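Student: Here the structure of chain A is known, so what remains is to put chain X in place on it, guided by the hints.
Chains as they are written, first to last, in our numbering: chain A, 1 to 266; chain X, 267 to 532.
Each hint can be trusted.
Which residues of chain X face chain A? A partial, calculated answer using Cβ under 10 Å: (1) Lys310; (2) Glu315; (3) Gln321; (4) Val445.
Taking lysine to aspartate or glutamate and the EDC-like style, the derived pairs with C-alpha atoms no more than 20 Å apart in a straight line are: (5) X:Lys360 with X:Asp377; (6) X:Lys325 with A:Asp262; (7) X:Lys310 with A:Asp45; (8) A:Lys44 with X:Asp311; (9) X:Lys418 with A:Asp262; (10) A:Lys44 with X:Asp378.
By construction, these hints were calculated from the structure, which means they are not laboratory data.
Predicted, not measured: the structure shown is a model, and the values here were computed from it.
Where is the CB? At the ideal position from N, CA and C, for every residue including glycine.
Protein chains: 2
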Amino acid sequence: MVTNITIPQTGRETRQLIREGKFRRPTSGVAPHFVQANVAILPKDVAFEFLLFCQRNPKPCPVVEVIEAGQVEAILTAPGSDIRTDVPLFRVFKDGKMVDEPDTLDAHWRDDLVTFLLGCSFSFEHALMANGIDLPYYGTDRNVPMFITDIKTNSAGPFSGPMVVSHRWIPRDKVVRAVQATSRFPQTHGAPIHIGDPAAIGISDITKPDYGEVWEQGSADEVPVFWACGVTPQAVAMASKPELMITHSPGHMFVTDLKDEDLAVL
Amino acid sequence: MVTNITIPQTGRETRQLIREGKFRRPTSGVAPHFVQANVAILPKDVAFEFLLFCQRNPKPCPVVEVIEAGQVEAILTAPGSDIRTDVPLFRVFKDGKMVDEPDTLDAHWRDDLVTFLLGCSFSFEHALMANGIDLPYYGTDRNVPMFITDIKTNSAGPFSGPMVVSHRWIPRDKVVRAVQATSRFPQTHGAPIHIGDPAAIGISDITKPDYGEVWEQGSADEVPVFWACGVTPQAVAMASKPELMITHSPGHMFVTDLKDEDLAVL
Chain A
1 MVTNITIPQT GRETRQLIRE GKFRRPTSGV APHFVQANVA ILPKDVAFEF
51 LLFCQRNPKP CPVVEVIEAG QVEAILTAPG SDIRTDVPLF RVFKDGKMVD
101 EPDTLDAHWR DDLVTFLLGC SFSFEHALMA NGIDLPYYGT DRNVPMFITD
151 IKTNSAGPFS GPMVVSHRWI PRDKVVRAVQ ATSRFPQTHG APIHIGDPAA
201 IGISDITKPD YGEVWEQGSA DEVPVFWACG VTPQAVAMAS KPELMITHSP
251 GHMFVTDLKD EDLAVL
Chain X
267 MVTNITIPQT GRETRQLIRE GKFRRPTSGV APHFVQANVA ILPKDVAFEF
317 LLFCQRNPKP CPVVEVIEAG QVEAILTAPG SDIRTDVPLF RVFKDGKMVD
367 EPDTLDAHWR DDLVTFLLGC SFSFEHALMA NGIDLPYYGT DRNVPMFITD
417 IKTNSAGPFS GPMVVSHRWI PRDKVVRAVQ ATSRFPQTHG APIHIGDPAA
467 IGISDITKPD YGEVWEQGSA DEVPVFWACG VTPQAVAMAS KPELMITHSP
517 GHMFVTDLKD EDLAVL
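Chain A with its partners taken away, still in its complex shape (with noise of 0.2 Å):
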């Protein structure tokens, strides 16, 4: 247990003291405005697959980096990073179940292994936020709420299953505003996939969320919007079953030297 915690301010900071040992906590609100990523780690046998499944699923699978099979870096987004030591906590399945939940890939790490770096919600929260959107949960240990809709994915080889979603309150006159504000990202989600009826995409309820705390309504001005959500890729890659499969631990994200800008369309 660390007792001064030091709150990194950038990407190649925040992984220095991960790599270090210094850091093992959630990494939301840490080096704020760098892009936060979701890991997926997975045998280089499936690895077209994969990435084929996420380029059918752009919005629950924005891909930020691939790092290939013999590789530990991501050179476009974290030249210098290595992908075995700089997260604070991963979880690693074998066949679909959980067997240890580590802080290095030492004892787990194959040359075959390709890494998938997907873009996070934490992009697209700060522009709601930037745009007077407010999210309770936000920079708390609270999470927000996400449910599995019927809304198929396109599958991909052994990759298929419903997509996840990720629901957010949103004031009434500021709907419009949030379908902008996000639609600006489309490698972390981009923009709403419905506006709303929970019902219309298979929620029958809204305060039983399948991951994720309740978010309670504060008044009948809220409209429920839902996202696309980087849960969706974990969970079909997990409903396959690989032989072996690395993800982080959720909330404990691998940060990159990208801003939130970099990743604006317009």
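Tutor: Frame of chain A, contents of chain X only:
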């Protein structure tokens, strides 16, 4: 030679005429506002690395759809299509040398071939014209000027090389609009790569394009603007001298069922 030339109005109609042998011409101007795609077909053993090359270079290599090995139908963007028969003219390359220019792939198809459909500039050219920017070659048998730059692409496996750009003269008072209008279409090359100084990206003589035909400056108020070009992935793949590679013949594109606006991000 057909005597009555029918101009098909939809992607499906275009593909049907091509399949019946009734359309063997360039596809510029057909099926207005339907998305047309560049075609690159490669053996499965380099498919992951080629898809990764595209992911790492999304401006020159925007992936519209990938048809997996053993499949011939673009199920997402052109249901009912057959890539072997639905392109007006192909080129077949062995070890980097053109060996055939057939109108079907009957003699060349193999079950290990993966088809990449890549965005082409037609969609964003419609956006430029809709904003009052004149493209003198459009709808003629002339072609846009293209240049090999000194901008390096991000390599993947055997795929590396310089970025190829297309060049357009834009009236000075329309340059901002040209950036805005094309930014909406990241899957068809998106915003410009460079504005104003050909030498800054390694172009020594604007009157001597490496591909296509020169476009002479109309007045001193016109600014040279450069966009990433779909010739890049073909040139890069060819330079790796794959044992077999099949492309569309220049100008003879695959026409999908998508409309231009389906690809707009905002």
